[in-house]
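Here are the chains, one letter per residue:
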Amino acid sequence: MSCNTEKKVKKSIWFIICMLVIGGTLGLLTSFGIAVVVEKTSDDKFCTMCHTMQPMADAYSADVHGGNNPMGIKVNCVECHLPHDGLANYLFAKAQTGLHDFRVENFGDLDSINWEEKRKHAKHFVYDSGCMHCHVKLRDVTMSNPKAFIAHKEYFEKRTNKTCVECHNNVGHHNLGDYIKK
Amino acid sequence: MLKRLLVILAVVASGAFAASIGDVSSIKTLKVERGLTEVAKGCIECHAKETPGHVNDWKDSRHGHVGVSCIDCHSVKKDNPMAGQNCPGVKGTDTYVSMLVSPKTCGRCHPNEVHEFQQSGHARAALQIRAKASMESLMHHYEGRGNPDLQDSPEATGCMQCHGSIIEVGKDGRPTAETWPNYGIGNVYPDGGVGNCKSCHSAHKFSIAEARKPAACASCHLGPDHPDIEIYNNSMHGHIFNAEGSTWNYDSAPDAWEPGDYRAPTCATCHMSGIGDLTTTHNISRRLKWNIWAPISKTREGGYETAVKDFENGKITKGNALAGHPDGSEAARSEMEQVCKSCHVTLHTKSFFKMADKHVELYNTYAVDAKKMIDELGKKGLMKKDKWADEAFKVWYHIWHHQGRRMRQGALMGGPDYAHWHGVFELQQNIRELEAIYNRRMKTGKIEE
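Protein chains in written order, with the numbering used here: chain A, 1 to 182; chain B, 1001 to 1449.
With the rest of the complex left out, here is chain B (with noise of 0.2 Å):
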């Protein structure tokens, strides 16, 4: 009897437990107290209702333990841009709130952070796309053909859920279809603040173990002009993660995060963190020797980054495509052969490197000799006006910014696959497909049809 009923209740209680977890919209009501306004309560427990998604996150995360809470962050002051009342909650109060939180406000309580943020190449992400012409065109005119009610669509699917937008808000302060939702990194916000916290860190959790994932970084970093993910997963560092990472410890105190909690490190431990005798940075360029996404590679010599800056001041730049340590290259470089130092031996790290720069050295030599035929062609009059119809300008554009990119990024991140294959093999297979169209035009002083 006894143990039939032990049964029973066994069976009751998993049945239970099953339908609470998985199903957000079980928490109906939640009361919190704890150090919470009446305002700030009315918002928690009228959401747990009608976006219970919300407030799981939020009740699980650090903000909550704090008590700071949906209203210190979406509340916003009545003259503010992004300023509404379209939530019943608030409407006709002396409280205006917004949808869009802006690194402004992320910036109240974590100001070095934003401030880090704001030195890195990750915010110019949205500014340099408007700054940029050919960016411009390649996707209201080649894309979206032009098409004046369809040529946004590019650039709201694509482009800007990964570098953000220039939000723009209507009437009651609620941002456009074309410029949000998106989580690209690099938003401007109607209040003047530049920069996305929830691109890595996503709401409302706003979890420090997430962001120190390889996934956070993932979402953006893939694909064939930059497969940074593909090639950690090719690397050593991948590898481990993959094998055993699910069982390391992500949620150490910011600057404590040290081999130990992890076997391998993840994007956010070479990058950003305070490993060894490092200190945390938010500034992701400030670690990099080299800027391996342009045509040429160049070392970083150019300080922080300007975009924000020049923002501030009213103009919308492509910033600096140089931006790293402020003390050059060479810093930069050393800074992240301190990283390696927890885990390699010197000569590991600097044969390492040393190899991983002749790849770079190499590759620039491929693309000075592309552009070279490039800009001699455009010279002689023997380039198509629609750059994107001439086999030449779509060689040349493969070379620079698909397998180039592949062969330099490969090749400092460890994927031998990306350095060799997918890279160097890739632009010998270009460079003589270029040299061919460049002969043919040269000698026949016309463009192919």
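The shape of chain A in the complex, shown without the other chains (with noise of 0.2 Å):
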């Protein structure tokens, strides 16, 4: 092997090192961005830059999943109003849903959307995925409790079709229904 050659292999190496590290860092610092955006994009604070959902963060600090409760835990809004079942779906719905409230707060017909109407639908966008992302060991705890036991048996036997929401209809937003006839 002539030196000529073995430069030329020595500098595509550091040329390819090169290149990992860069694009190694850039990487990085993109996954970086990307999670401080989907976390700052995940709570009511940025929720209600939104002025429709005013009522329903107002509603949210009153109640337990607000912060409303002895230990001030609180629950984001993400935590309910997005799947849970895996990250690319969880992504997914993000941007899409994202992007609907985007186009219907700057140029739909806001005053035509019938909230409580609406909320007749939550299961839609309420997902048990996120509810369960919490609640891990349900299960287990309202075993011992017979009026929960039963209450929940269907379900973890998967006998039933029901969400969460359908029984737990006022979860997350204390007495919502005030707040949006404000």
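Derived from the structure by calculation, the hints contain no laboratory data.
Fair warning: there could be bad hints in the mix.
Which chain B residues face chain A? A few, computed with CB under 10 Å, are given here [claimed, not checked]: (1) His1065; (2) Val1068; (3) Lys1104; (4) Thr1105; (5) Arg1108; (6) Cys1109; (7) Pro1111; (8) His1115; (9) Gly1314.
No experiment lies behind these values; they were computed from the predicted model shown.
For every residue, glycine included, the Cβ atom is placed at its ideal position computed from N, Cα and C.
Can you join these two chains into the complex? Each is in its own frame, and there are hints to help.
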């Protein structure tokens, strides 16, 4: 092998290493950026940038899930309103619902929205995978409470199609109906 | 001396026993601690004094056993349209209650029962009345005479007591007198719940045994247009039940109530129970081959009832008159035959249904002929504008709505007197009557005075 060829090989190895380092760094920075954006767009502060969401946020703040509990624990909007059965699903639903809300908020007829009517379809925008993401041990802890055990039996045995919010229809937003009316 | 003492003791004891039963108000205080919150205990203790009948029922119920108490079913969120604080016990607290309990509440623990119920014809009972202009005009215009003050009473005292109503509430969240109280099976609650579990499992005991007895169905399925309890009593099944039903066991677990617990079926056995290989269902339309209440009988090929789905989508409809088994009328019949199998040989069952089906088809020939005459008279302008004053219409109405149903239902449920004397015999008289009116009007071109 000639000296020249050896130099060429060395050069291209360095080139590959450099590209990997730069690419990796860029990738990490981008992922970091996306993670930050995903995180920053998860809570009520972001969601109320659309003003139509204010009554929902107010009712949420008054609720156990919105921080009105002895320990002050708060559950972000997306914990319930995005699916938690996989990262791809989660991100896809986030993008889809985000774009939808952006479009309606800016170009839609907001006065024509019947929020009370929308509540009847809550199961389409509150995800059981979200509930179960936090209430991981619900099945076990309700075993010893006969009332809760019976109420959840058909659900955990998968003998009903009902979702969490079909029974817990006020969860997350305390007296939401009163706030929507305002 | 000892004898005398014993006699006195026995007299006092039996007196005390007699006084303690039959008088529900004798329980003035009731302390229940087990598994209940402070609020829940408050309701029970106060209502044991205020409405002891409610608490007496409850403490005898399965709900009482598992710690489901007043508050679990009657408490609602503040923004619920039925919410109120009319009870002094909760006034000014965070607790809101409603005297109305919707199937949405029952469905929290009994989701499948409510789901199956809503797939059945029972679920359209109240909604269909609102969707039928002819029913509205019968109740308010003809029976209520259009009287602005009195026209709601026919519906409130009659129709809605079995069919149910679309319950309306006042500003205080309490139901209006025009729409409640009732025990109707198709109630529509202000929270959107449809149905009424209490029609068969009366409050506040909600007994499975009660709903398995014919009495639970008989309070509505009776009378000239659907004498189902009379047909049952006329049948051999009813004969055995009436002779010895008081000794049977009605309390077995769901899906485990089998021959042995009883010697003959009740309504619930055939239409709902998990007898033999079948599983229980609250869809009472599921095992029915025919629609035997409509003017013309068709087999039930419509799948599930649709009224509740329509209502959830904002529409009040007549629902699905041909709701039945999701796989069609033959699947329905085959399930019903499986019921019979526990006690009857196949030949018995097949032959019974063969002749009963023929009786339904025979009815159809009467109905088709009668309807043809009515339609023809209508086309020629030979029917009165006020149909309830028209002799031909009245005969036709009785043909399908009264004797025609008795004929079909009597045949399919083994009530010979209804299949025959109250049924087909009356029909052959009616059709002759109608033919006479038809011929007269066609000949003279006039409606008789």
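Could you check if B/His1065 really has its C-beta closer than 10 Å to a C-beta on chain A? For B/His1065, the interface hint holds, since the closest Cβ of chain A sits about 9 Å away, which is under 10 Å.
Double-check B/Thr1105 for me: the hint is only fine if its C-beta lies closer than 10 Å to a C-beta in chain A. holds (9 Å)
Return the status of the interface hint for B/Lys1104: holds when the least beta-carbon distance to chain A is below 10 Å, violated otherwise. Result: holds, 8 Å to nearest chain A Cβ.
Hint validity - B/Arg1108 Cβ closer than 10 Å to any chain A Cβ: holds (4 Å)
Would the hint on B/Cys1109 be counted as holding, given a Cβ-Cβ threshold of 10 Å to chain A? This hint holds: B/Cys1109 lies near chain A, its Cβ roughly 5 Å from the closest one there, short of 10 Å.
For the hint on B/His1115, does the least C-beta distance to chain A fall short of 10 Å? With a closest approach of 7 Å, the B/His1115 hint holds.
Hold the hint about B/Val1068 up to the distance rule: shortest CB distance to chain A must be less than 10 Å. holds (6 Å)
Satisfaction of the B/Gly1314 interface hint, Cβ to chain A closer than 10 Å: With a closest approach of 8 Å, the B/Gly1314 hint holds.
Restraint: B/Pro1111 near chain A, CB-CB cut 10 Å. Satisfied or not? holds (4 Å)
Checked against the numbered hints above, the structure violates none of them.
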